[in-house]
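Q: Each chain, letter by letter, is given below.
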Amino acid sequence: MSESNGALIEMKGISKVYDTGKLQVEALTGIDLTVREREFVSIVGPSGSGKSTLLNIIGCLDTPTDGSYRLGGEEVAGFGGDRLADVRNRKIGFIFQSFNLLPQITAYDNVELPLLFKGTSARERKRRVEDLFERVGLADRMAHKPTELSGGQMQRVAIARALACDPDLILADEPTGNLDSNSGADILHVFQDLAEAGNTLLVITHDNAIAQRTERMVTLQDGRITGDGPV
Amino acid sequence: MRLGLIFKLFRSAASIQRKRMILTVTAIAWGTISIVLLLSFGEGLKHTLTAGSTGLGEGIAICWPGETQKAFRGFPAGREINVLPEDADLLTQNIPEMEAASGEMQTWGAQLSYGRQNLNKRVVGVHPQWGKLRNQVPESGGRFLNQLDHDLKRRVAFLGWEIKQDLFGDEPAVGKTFTINRVPFTVIGVMKDKIQMGTYGGPDKNNTVIPISTFEALLGRRYVNVMVWKPRTPELMEHTKRRFYEVLGAKYRFDPTDERAIGIWDTVESQRMTANMSVGIEIFLGIIGALTLLIGGVGVANIMYAAITHRTREIGVLMAIGARKSYVMGPLVVESLALTFLGGIIGIGIGGALVQGLAYLQQNAQSEAMEFLGTPTFSLPVAATTVLLLGTIGFIAGYFPSRRAVSIQPAEVLRYE
Ligand SMILES: Nc1ncnc2c1ncn2[C@@H]1O[C@H](COP(=O)(O)OP(=O)(O)O)[C@@H](O)[C@H]1O
Ligand SMILES: [Mg+2]
Chain A
1 MSESNGALIE
11 MKGISKVYDT
21 GKLQVEALTG
31 IDLTVREREF
41 VSIVGPSGSG
51 KSTLLNIIGC
61 LDTPTDGSYR
71 LGGEEVAGFG
81 GDRLADVRNR
91 KIGFIFQSFN
101 LLPQITAYDN
111 VELPLLFKGT
121 SARERKRRVE
131 DLFERVGLAD
141 RMAHKPTELS
151 GGQMQRVAIA
161 RALACDPDLI
171 LADEPTGNLD
181 SNSGADILHV
191 FQDLAEAGNT
201 LLVITHDNAI
211 AQRTERMVTL
221 QDGRITGDGP
231 V
Chain B
232 MRLGLIFKLF
242 RSAASIQRKR
252 MILTVTAIAW
262 GTISIVLLLS
272 FGEGLKHTLT
282 AGSTGLGEGI
292 AICWPGETQK
302 AFRGFPAGRE
312 INVLPEDADL
322 LTQNIPEMEA
332 ASGEMQTWGA
342 QLSYGRQNLN
352 KRVVGVHPQW
362 GKLRNQVPES
372 GGRFLNQLDH
382 DLKRRVAFLG
392 WEIKQDLFGD
402 EPAVGKTFTI
412 NRVPFTVIGV
422 MKDKIQMGTY
432 GGPDKNNTVI
442 PISTFEALLG
452 RRYVNVMVWK
462 PRTPELMEHT
472 KRRFYEVLGA
482 KYRFDPTDER
492 AIGIWDTVES
502 QRMTANMSVG
512 IEIFLGIIGA
522 LTLLIGGVGV
532 ANIMYAAITH
542 RTREIGVLMA
552 IGARKSYVMG
562 PLVVESLALT
572 FLGGIIGIGI
582 GGALVQGLAY
592 LQQNAQSEAM
602 EFLGTPTFSL
612 PVAATTVLLL
622 GTIGFIAGYF
632 PSRRAVSIQP
642 AEVLRYE
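From first to last, the protein sequence lines stand for chains A and B.
In terms of our numbering, the first sequence has 78 at position 78, counting the first letter as 1, and numbering is strictly consecutive.
Position in the second sequence (first residue = 1) + 231 = our numbering.
Calculated directly from the structure, the hints in this document are not laboratory data.
One thing to keep in mind: the hints can contain errors.
Below 30 Å or equal to it, Euclidean Cα-Cα: the simulated BS3-like pairs (lysine-lysine) are [what the hints assert, rightly or not]:
id, chain 1, residue 1, chain 2, residue 2
1, B, K423, B, K436
2, B, K472, B, K436
3, B, K363, B, K352
4, A, K118, B, K556
5, B, K556, A, K126
6, B, K436, B, K384
7, B, K250, A, K145
8, B, K425, B, K384
9, B, K352, A, K145
10, B, K363, B, K482
11, B, K301, B, K472
12, B, K277, B, K250
What you are looking at is a predicted structure, and each value in this text was computed from that prediction instead of being measured.
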């Protein structure tokens, strides 16, 4: 699906300025970043250095102020609302620090939602959702509401949801930030499995232990990339 | 698609604000009641106005022979024109566009007697065609004058319902004999009650109508006071008027452009004005009702806005996992429409019942003001207008707040952890 060089993400001169009225915050400045398929990348840096802003732009949850961003060879900046929605739906799986599950509906329904948006048939949805719960080891918790699950379980449901449409790119913003160390270790295993299965992963983390498990580490400082290399 | 799932997400948003929801539905119901009432009364008033303006006769011309104002072929101006009853036939024979014509002779000082009753009232003599032209509908058991009455100069009379009441009280009049100037006449019919807005000489309910041939003999008259006629369609009125002047101008030697020789009251024009007026009244009432309903609409918009603000994060999550804008907006707009129509159905139910009740009361009331107000009618156009307004308000109240919510970047919404 991508160009011959295998680059999934190609960013050139990306910047992001937040205009808060009085104050202009330059969250990102001149970011050049290329990520190939099947890479497992960690993004590290101090708090407020722009990690989340960068990942949000990569995940099409936000738009850059300036620069070019090609995802799978396509310039995303020009995409309209529905096309962007479809990119988020099919190409990207986003995992948040605070899970962002919908509390009113069951874990099963949460995972089914992206498939509904994609237009998958009812039979295929059922098969797929059950398969995903099997993979994250929560087959017996499908009918529970998110509030009835532990933090680690909620994050595993969120991972199942991110994987629902078989995305090209899995993004995680401090996925273990709200978890105790045991649950965090569980989640880390899931990510390692995903990487070994050939997925492309970008993970923001404070945790050196996680960063050490990845193949490549990108360091941000004051909105700039100050380090990028193999771990 | 299982959009029901998204409904489930937002339904709880509305239930959080139960009190506000009840208030909003009440406001919509209130607005709907007022619009239903106003429009229904507007319909009733329109019917009265239409019936009233045609009570005199539909699309007729009423003509008064007068004096010439222009000199013509050696005759000076100021000559009196007199029209004979036979001219009614002359007109219809010469003008194919004229559907019917009738002469009318009037007297004000006739003495009507029955038993001990003695009245000094108006009597008119007319051709049989006058009945249809002037909208004289008999009560059951009676009839209007016919050709035989005319040909045989019968002494028969058709009474307005008020004169009948004055003479005969509550007892039936048809077949009874009374006298006009001491000459006995038989009642052949009594006019049915009707709404009549235009009159000349007096309302029809006070008329005693006899054949024009009998009238001539009884009172020794030769000329008509009034000529009433009607074109085949209202559009032919102008043309028929011109031909009317030509035919009578040729006979009585006056200039066919001399409109003072015979004055014409053209009711087509005044009926058109009445129709426009009643449309104007309906629009006015509709706007007042719509404004009342709008207040309820603001309530719906407000509750939707609050519900959506309350669910910003959920909306952000849905957008982040790939919901198109319409997937999120659709259920919210439907919810807004549902709230609006819930109030609307309650309002239409109560309003419709009120209209029925008022119509019942009105039909049993004796007051003339009530009669003129007309019977409020909850008709299909009223219902359609109400539903259309409700739909528009519900849509707008849901569309704009939800469009705002889905236009924010998901990252912006999900930032605060
Ligand atoms: N929506 C926003 N409005 C204004 N400033 C923002 C917004 N989002 C992020 N920022 C600012 O941009 C900078 C980078 O933030 P962020 O990307 O969240 O950093 P990190 O994830 O590395 O902690 C911070 O100074 C933050 O305050
Ligand atoms: Mg962050």
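Q: The structure should be examined with respect to each hint, and the outcome stated for every one.
A: Results for each hint:
At most 30 Å may separate the alpha-carbon atoms for a hinted pair to count; K423/B and K436/B meet this at roughly 9 Å. A hinted pair counts as satisfied when its Cα atoms are at most 30 Å apart, and K472/B with K436/B qualifies at roughly 29 Å. Among the hinted pairs, K363/B with K352/B is consistent with the structure: their alpha-carbon atoms are about 23 Å apart, no more than 30 Å. For a cut-off of 30 Å, the pair hint linking K118/A to K556/B stands: about 13 Å separates their Cα positions.
For the hint pairing K556/B with K126/A, the CA-to-CA distance comes to about 25 Å; that is within 30 Å, so the pair holds. Among the hinted pairs, K436/B with K384/B is consistent with the structure: their alpha-carbon atoms are about 23 Å apart, no more than 30 Å. A hinted pair counts as satisfied when its Cα atoms are at most 30 Å apart, and K250/B with K145/A qualifies at roughly 27 Å. About 28 Å separates the Cα atoms of K425/B and K384/B, which keeps this hinted pair within 30 Å; it holds.
For the hint linking K352/B to K145/A, the alpha-carbon distance of about 91 Å lies beyond 30 Å, and the restraint is violated. Taken as a hint, the K363/B and K482/B pair is honoured in the structure, with Cα atoms around 27 Å apart against an allowance of 30 Å. With a C-alpha separation of about 18 Å, the suggested pairing of K301/B with K472/B holds against the 30 Å cut-off. Taking the CA atoms of K277/B and K250/B, the gap is near 40 Å; set against the 30 Å cutoff, the hint is violated.
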